[in-house]
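Chemist: Line by line, the protein sequences are chains A and B.
Under the working numbering, the first residue of the first sequence is numbered 1, with each subsequent residue one higher.
Under the working numbering, the first residue of the second sequence is numbered 1, with each subsequent residue one higher.
In short, the hints are calculated from the structure, not lab data.
Among the hints, erroneous ones may be present.
As the list claims (entries may be wrong) - Chain B is nowhere near these chain A residues, computed Cβ spacing over 10 Å in every case:
id	residue
1	Thr14
2	Trp21
3	Ile27
4	Leu112
5	Gly129
6	Gly171
7	Ile351
8	Ala364
9	Ala371
Unchecked claim - So the derived label-pair ranges between C-beta atoms look like this:
id	chain 1	residue 1	chain 2	residue 2	range
10	A	Phe30	B	Pro165	37 to 43 Å
11	B	Arg363	A	Leu226	49 to 55 Å
12	B	Ile220	A	Gly367	41 to 47 Å
13	A	Gly375	B	Leu171	27 to 33 Å
14	A	Ala108	B	Leu171	20 to 26 Å
15	A	Val401	B	Ile220	35 to 41 Å
16	A	Arg308	B	Ala170	54 to 60 Å
17	A	Ala108	B	Val351	33 to 39 Å
18	B	Val351	A	Val401	43 to 49 Å
19	A	Val370	B	Asn240	43 to 49 Å
20	B	Pro165	A	Val178	48 to 54 Å
In this text, all values refer to a predicted model and were calculated from it rather than measured experimentally.
Ideal placement from N, C-alpha and C gives every residue a C-beta, glycine not left out.
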Amino acid sequence: MSAPVATPARVDNTSRRRSLWRRIGFIATFGLVALSVTRLISGQEVLTDTGTAQAVLALTLPVALAGLGGLVCERAGVVNIGLEGMMILGTWGAGFAGYQWGPWAALAGAVLGGLFGGLLHAIATVTFGVDHIVSGVAINLLAAGAVRFLSELLYAGVAGGGPTQSPSIKGGTPTFDVPVLAGGPDLLGRLERTHLVLLSDVAGLLRGLLLHVNVFQVIGVLLFPLVGFVLWRTAFGLRLRSAGENPWAAESLGVNVIRAKYVAVLASGALAGLGGLFLVLFSGLYKEGQTGGRGYIGLAAMIFGNWRPGGLASGALLFGYTDAIRLRSTGSTAVLALFLFAAIAVGALGIWWLRQGRRMAGSAFIGLGVAFLLGYLGLDSLPNEVTTVTPYIVTLVVLAVSSQSLRPPKADGIPYRRGEDR
Amino acid sequence: MNRLRRGVVTGLVPAVVALLVSLVVLAVVLALLGVDPVKSLKALFDFGPTPRAESNQVRTWINRSVPLFLSGLAVSVGFRMNLFNIGVEGQYSVAAVVAAAAGAMVHLPRPLHIAFILLVAMAAGAAYASVPAVLKVKRGVNEVITTIMLNSIAVGLIAYLLRGPLHDPALPKNASPSTRPLPESAWFPGFRSVFESFGLQPPSREVGGFIFVAIVVGVIVAVLMSRTRFGFALRASGRNSTAAAASGIPAGRMTMQAMLLSGALAGLVGMPQVLGEDHAYGINFVAGLGFSGIAVALLGRNSPGGIAAAALLFAFLDRAGPSLQRVDIPPSVVIITQGVIVLSVVIVNEVARRMLERSEERRVGGARSATPPAAPQAAEVSA
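With the rest of the complex left out, here is chain B (with noise of 0.2 Å):
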């Protein structure tokens, strides 16, 4: 009871008061920059004037929530590692180029069609992955300096391998690249049709059933990280790596592990689009899921139930892009309002530790504050 009610105070109460701030902040903005506050939150909850347009947000909302998630459970692994794996939008990129440039090359029956392009994905983010991976092992370089020059380094190697050897030949001389279109048997199935049978209009076009995929994978990764004997390295290693070392879990090993790992996951965050929607990869493949992921990763503090709520959150404030347009607003208060959002969380995030921190130490008699602080090192500062 009291371990729930503790679970309550410090992960839903901060979340709420969170969205709150937010909400209050970003009117605040809006009406400093003479825009309507109201009729653009209004805007944001508005899914459209005809039960058509409704239906075909909510499949936007779910569309464009599963690669978020996915994009955030890659980065979300290297947090725990202490990793900053910034690469996962150069990672998902490649993967998905080379994805389907291979799925397109062979012919299996369904399932095992799905699941080949699937693993060549994961294999391909993690080559990927594997490049920062190597360099901070074995040379310490930061990986954040790595993946933002890999992750320009990928757009250029994209840009080469649609020209080039990924090239579909049978594409008119003038049409924009892509790669061969992938046979029926690698298209990922929807669920247009249970819209009706619950009474609604189905959407206009199909909705990703790679939202499953991405659930099973999901529950993988947070009992990998929770309930095993990896995760557990994982995470010690990424707070202490040398209580870990002494414990005898390898710094290095993990290090590679988690990226290898993580540019796995982000290999799978363009497949929906890819086996699901589009088929091939060309020229409307989303990019800066990648970056977007940070943010979610960040708001769902690296859990995976919380990264889900947040990927569902950025992707409602995604598809309200067309509302918003609706009442001559700019799309971009989206952009602004998931800034704000990450930001004012963060904060109150913070502060609720602090009072909570504050609270206990009165609790238990002010013990903590008896403990000594860190002793000066007086050479450093000789003002």
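So that you can see chain A by itself, here it is in the shape it has in the complex (with noise of 0.2 Å):
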């Protein structure tokens, strides 16, 4: 948006973005330490080891998927509340496909019941110019409707379905160990049970990465690369940025605008849809209410990640993760473990800022931090209802802590016709 730049922008740009890598790489390493501290003093093995990373994997994706939808929609200036709903179909799609045909079916069921919510929102927010907030909300409440309804009417009598769910997906999905790492001779497995610092939590979480690896997790994981490439990298992703950033001016250099729209909102909807299938392999089946506000979510890490994949995989990542360990959590003790990691990470935060020479903020953090000791020292346990609602108590405070200098699409969530002005 800065005033056009000549040449100097290219070696700008390169250099910003090494400094980034280094941030994230730093960032990563740092919490990885800090994760296996707390992991020693806590004694919690369950928030580095094996059945995490792949809890958190299969948490993540819904989520991340979900979003990945949201961002392709609003990168092309269509503001997509109805995720929600997409993902609602989705999950249907899935399970009525799947309990007849199996996974792969599924998938394609999945991504069908996206496309459908998709082409509503296309046909309502693009074709009619409403408004993109209003058409979401009614494709939510539509979505979750017509499944309610279509079970009733396709399940009755089907043994093991019912009004809110399905049978049971036939057939297993297709999964593979990597060798050497995690099959056969399992080398991380080794180095996971030597519990030394850093290197067997390093090693637990690559293991669960590569231990029943699911050929369906794989390829939703290589859609964060496809879609940043495709989106930042391609003729087309341009178009579709421009339709999202000044249509008017996109379509008076030849952009066909109408069309980049349509292409994104459908792309969403598949792609949240997808997210959906996820939700449906990990349980088995399709239940009513199963996507439990993941679509909103996606659309929550969107915003946390400032519309870019990266950005919004590490909110997905933020959410799966706390998810995770509640779940494998036994009691509250590992969600009390995150205190522990809460305290480090925030006073290490307060101590950089205070050398850095920002008081005010550094000794807050660093207050913040103290209070977590505290909470981790002087509580025995957490209601369990708290322990329930923890990804959502970290995605508000990571939220109202973190830098919000944010940057959406310019012209996102504005109806546009072509040929008039806004």
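Quick one: dock chain against chain with the hints and give me the complex.
Modeler: Okay, here's the thing in structure tokens:
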């Protein structure tokens, strides 16, 4: 959005990119070390073991894919609050196709279900110029009714099916172990069992990702670099993003804005539906209310990630990790260990800021860190209900303390009509 | 006269067309799915086989429309300030449990007791809404995200409160959790007996008198929004916060006030049920009214009168569940109908607005099309 700059811009961009990668690397390393120290002190192996890594992947993907759908859509200038509804349609499609024809059909069913929701949203917002939020809310409402209705209609008298659930998916999803590291000699497993600082943590988390690798999950993860590449490295992506930044200018340069928006909204529905697939695969069948607001959380992750795939993935990962810890925690012990992790992370950030001369923020964060530490030392257990909502609280707190210099696409949410100004 | 005609063209005609369109769409969808559309539409308008059943459905219609109206009103206040308060859902639930518990702790004469509970509910709703408000104003966090998170947190918070601090100690051990019952001085009177004076069978349960409170609240909000300085500032800031700020209306303060007002109104949503029906907050408490309220507010186009009509329409559909079941049609047809109606109404509205605009344009001789389009920023699109 800055004023047009000549050649130096390129150099600037590259060096900025490099410093960004350095920062990401630093944060990741610091996070791992802090997590490892937390595990050592609290003795909670759950924090970094193989099972946790697998749960994190399974719980992150639905949120992340819904968010990716939102990202594609909003990059083309269409706000998509109907992600939840599209995800619901995806779960239903996956359940319906999956119980009859197996997991690959479930994949197709999920995509088709999501596409249907996307088509509705595209017709309403792009063709008719309806307020995007209005259309999204209507789709959420419609989807919730439609799946109940379809289940009542099609699962009557089907063994295992009912008005709120489908029969179990037929057959397992194709998986494989990565040889040597996770399968075969299982080097990472051996390393994990040594319980060394950092090494065994990394080994545990990696092993979780390499053991029983699910082909569908690989597809889901690969969609992130793919979408990033298409949006930022191809002419089509540039046109799509230009439709979200300044559709009037784009149209004047010969971009078919309407088509770009249609493609984006349809892709968005398909991605959200695919997110639903992973929920169905996780529990083995379609259940009503399975999405549990994950479409909305995906939207939150997207905004947290500043409308970028990497940021979105880290937001989803944050949610997925706390959700996984909550699920695998015995009682609330592992969740309490997260208090210690928070104390280390927040405290370190506070010290860093103090050294940079930001006294107010620094001391506030150190105070927060001490509060977390006291919480960890003082509390024996948390009420069950609090443990359940940990992921939401963490997301809220992280949003509140992280900097909010966000830049949404410039024409996001503005209805566009060909040949009219705004 | 001209203004009246314009009002009919922009308001009433699209609404009627939209209803017809949604009926047709619905009939097609149902027919495609192999459900007899005529039979289901008939069932939607069927109030029941006996006079008693009929007045029972009228009761459900009235009782259901009141919270929907209040919820839609709460959402609309946010919309006016360009705030999307998805959090009405969490706000009204938290407010209801807090108010029910507080009401059971005090003893006051009837009108005071009810007023006290309503005030507590509004304060609790506003307090829960203050979290996204503060985060939005102070930290710039998008209110859509925070209210979604707070909705989920509310579920856990209420479960914890019901099991722990606000639990009724007199309940048997494995009974479903509930707050302590409200004393009779806090019960909101109903008007079931009015049915008799019209020569009708009274419904088997009480009809909520809270509808009169809702009407008063609706009028107050309508006046506040369109006849006061505050309402003007709110709408101005919602339309264009930069321009409003230039004329001395700070956007931050308006955001804060709109969100708190929205939360306070949300606090009232659960009150008809707590005061008029259950006399406690328990497992029967109806969830989801906050989300329906969004649809109602959209349908009513943010005007209190429109919201009332939309709430009546939604409640009318909601009450048809038993009638549908009697003729073996899945009651979920109701939710589909509501979704189809919202979608068709907004689409028809948009088309009508554009047609009107075009006819105006023709009338003034294309003056509008003479204005230059937004200057293209070529630097951005260098494909």
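Chemist: Each hint should be assessed against the structure and marked as holding or not.
Modeler: Hint check:
| no. | hint | verdict |
| --- | --- | --- |
| 1 | Thr14 | 18 Å, holds |
| 2 | Trp21 | 25 Å, holds |
| 3 | Ile27 | 20 Å, holds |
| 4 | Leu112 | 16 Å, holds |
| 5 | Gly129 | 5 Å, violated |
| 6 | Gly171 | 28 Å, holds |
| 7 | Ile351 | 22 Å, holds |
| 8 | Ala364 | 13 Å, holds |
| 9 | Ala371 | 18 Å, holds |
| 10 | Phe30/A to Pro165/B: 37 to 43 Å | 39 Å, holds |
| 11 | Arg363/B to Leu226/A: 49 to 55 Å | 51 Å, holds |
| 12 | Ile220/B to Gly367/A: 41 to 47 Å | 43 Å, holds |
| 13 | Gly375/A to Leu171/B: 27 to 33 Å | 31 Å, holds |
| 14 | Ala108/A to Leu171/B: 20 to 26 Å | 50 Å, violated |
| 15 | Val401/A to Ile220/B: 35 to 41 Å | 38 Å, holds |
| 16 | Arg308/A to Ala170/B: 54 to 60 Å | 55 Å, holds |
| 17 | Ala108/A to Val351/B: 33 to 39 Å | 35 Å, holds |
| 18 | Val351/B to Val401/A: 43 to 49 Å | 45 Å, holds |
| 19 | Val370/A to Asn240/B: 43 to 49 Å | 44 Å, holds |
| 20 | Pro165/B to Val178/A: 48 to 54 Å | 50 Å, holds |
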